[in-house]
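Work out the full structure: start from the sequences and follow the hints.
6 protein chains.
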Amino acid sequence: MRLSTRNQLTGRVTEVTVGAVMATVKVRLDGGEQVVTASITKEAVEELGLAPGVAATVLVKSTEVMLGVE
Amino acid sequence: MRLSTRNQLTGRVTEVTVGAVMATVKVRLDGGEQVVTASITKEAVEELGLAPGVAATVLVKSTEVMLGVE
Amino acid sequence: MRLSTRNQLTGRVTEVTVGAVMATVKVRLDGGEQVVTASITKEAVEELGLAPGVAATVLVKSTEVMLGVE
Amino acid sequence: MRLSTRNQLTGRVTEVTVGAVMATVKVRLDGGEQVVTASITKEAVEELGLAPGVAATVLVKSTEVMLGVE
Amino acid sequence: MRLSTRNQLTGRVTEVTVGAVMATVKVRLDGGEQVVTASITKEAVEELGLAPGVAATVLVKSTEVMLGVE
Amino acid sequence: MRLSTRNQLTGRVTEVTVGAVMATVKVRLDGGEQVVTASITKEAVEELGLAPGVAATVLVKSTEVMLGVE
Chain H
1 MRLSTRNQLT GRVTEVTVGA VMATVKVRLD GGEQVVTASI TKEAVEELGL APGVAATVLV
61 KSTEVMLGVE
Chain L
1 MRLSTRNQLT GRVTEVTVGA VMATVKVRLD GGEQVVTASI TKEAVEELGL APGVAATVLV
61 KSTEVMLGVE
Chain Z
1 MRLSTRNQLT GRVTEVTVGA VMATVKVRLD GGEQVVTASI TKEAVEELGL APGVAATVLV
61 KSTEVMLGVE
Chain X
1 MRLSTRNQLT GRVTEVTVGA VMATVKVRLD GGEQVVTASI TKEAVEELGL APGVAATVLV
61 KSTEVMLGVE
Chain U
1 MRLSTRNQLT GRVTEVTVGA VMATVKVRLD GGEQVVTASI TKEAVEELGL APGVAATVLV
61 KSTEVMLGVE
Chain C
1 MRLSTRNQLT GRVTEVTVGA VMATVKVRLD GGEQVVTASI TKEAVEELGL APGVAATVLV
61 KSTEVMLGVE
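Residue numbers (UniProt numbering), protein chains in the order written: chain H, 1 to 70; chain L, 1 to 70; chain Z, 1 to 70; chain X, 1 to 70; chain U, 1 to 70; chain C, 1 to 70.
It is worth saying that the hints were derived from the structure and are not from the lab. Treat the hints with care, as some may be off.
Computed beta-carbon distance windows for the label pairs [claimed, not checked]: (1) 46/U x 14/H: 41 to 49 Å; (2) 53/Z x 10/H: 28 to 36 Å; (3) 15/X x 16/U: 18 to 26 Å; (4) 53/L x 8/H: 35 to 43 Å; (5) 15/C x 33/L: 40 to 48 Å; (6) 55/L x 47/Z: 42 to 50 Å; (7) 52/U x 35/Z: 24 to 32 Å.
Every residue gets a Cβ at the ideal spot worked out from N, C-alpha and C, and that includes glycine.
Given below as structure tokens:
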């Protein structure tokens, strides 16, 4: 399926922390040292088998992105 | 100001397209070839002086991040 | 690609309105009369070839969903 | 109160899972078999009395909706 | 309808700017000088009759709120 | 850092509730009695030292703001 979602960055999971209904997953982006944190449902973590070392794509809708300048 | 926003990725603006009230800004992330698109207000583009070549930080709240696996 | 995105509803595009940088797309959900409106970039509309009659999946992250009761 | 929120879909709660501060609620949409998952605060679940069988409206801002095509 | 949406702040519209599909609306919050900007669809502006002087409630889901400290 | 984020409201933390991975923080806005609830990560609460009495800025992207009228 092709998505309208503008931002699709490739990386690899480095850390997963699971709570009662939510979880946080950290992904190191390919080609750099930058890390992205995702807050998703525990259900999604289990369904996708997310664990350290798994290759994952980070998706963010463009309307969710803010910019800052010094 | 320190922010609760988990995702703060550094990069440089490559393209700005301005509409009547909204604008899209493309930022190439440092340390890689990955590009992020932001849909922000025209007002913010003008206030921040966003234009190709300007260094910018991409900010995304962790609850806005989705993950995909092959 | 399997997605963490909890909500993936099938439907068919009924209307597309394009602005300078943003667009609105209306999708009638399968199995009912309910219609969903998406505000996405003009760029995504063009890339995906969205037009009336096209089958489309509506995706919404669960953290974006609110509930109301009478 | 009339809302700017474009998407207001009617349905019925089928499942509620409550954590320490967050909760997930599943709602089956009327006129079909499609189910929506909402991640909302535990506080909201208690205030609204959300439980299986309760009629509920699913609300989503149009800027939060993504589209996919095969 | 009672909403799960945690943030419902009362105020009054001070400015409306309409584009092809999107619009920005500024609302001064009651009991202070703080102003909120909303980016909503042109369609919603028309349906709700939003114009300077109109009393309006600002709604924001708690998962969309970030915090900063000096 | 100057931000594209349109909404930056000043206030003071009144309550913090921490779960396994998420937390809710309540902030009373300056110049009024209105309170904002933020759902952010536990990690952010700890990093920023959020606790009752701490001055905090509430940040919300304009695309996340909805409006209601009676």
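Broken hints, by number: 3, 4, 6
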